[in-house]
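For the sequence shown, my numbering begins at 164 and goes up steadily by one.
Among these hints, one or two may not hold up.
[To be verified] Derived Cβ-Cβ restraints for the label pairs, each shown as a range:
1) 174 to 221: 36 to 46 Å
2) 231 to 198: 17 to 27 Å
3) 234 to 195: 34 to 44 Å
4) 175 to 201: 24 to 34 Å
5) 222 to 192: 21 to 31 Å
Source of the hints: derived by calculation from the structure; they are not laboratory data. A quick note: this is a predicted structure, and the numbers were derived from the prediction, not measured. Don't be surprised by glycine CBs; every beta carbon is placed ideally from N, CA and C.
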Amino acid sequence: MRWCLELDHRRGVHYRQQQLVDALTNPELGLPVTRAHHLDPIYQLHETKNWIRLDDEGRTGLIELRFTTIT
């Protein structure tokens, strides 16, 4: 299973990516996922610079948080 969440970010507002990851991976209240560092071969590195990937231990699910800055 793969979820891709497109998150719009307003220019001039502090990114809170780590706080979101901390909440999603919280041992008590979060999902059973951790930060993933693997990339699919179909994506170029420059395309994924504002992405955070989370997956489970068995790599049966993937959550992609894709941040886009808007004006």
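Here is what the structure says about each hint:
no., hint, result
1, 174 to 221: 36 to 46 Å, "38 Å, holds"
2, 231 to 198: 17 to 27 Å, "20 Å, holds"
3, 234 to 195: 34 to 44 Å, "37 Å, holds"
4, 175 to 201: 24 to 34 Å, "32 Å, holds"
5, 222 to 192: 21 to 31 Å, "23 Å, holds"
Hint check: no violations occur; every hint is consistent with the structure.
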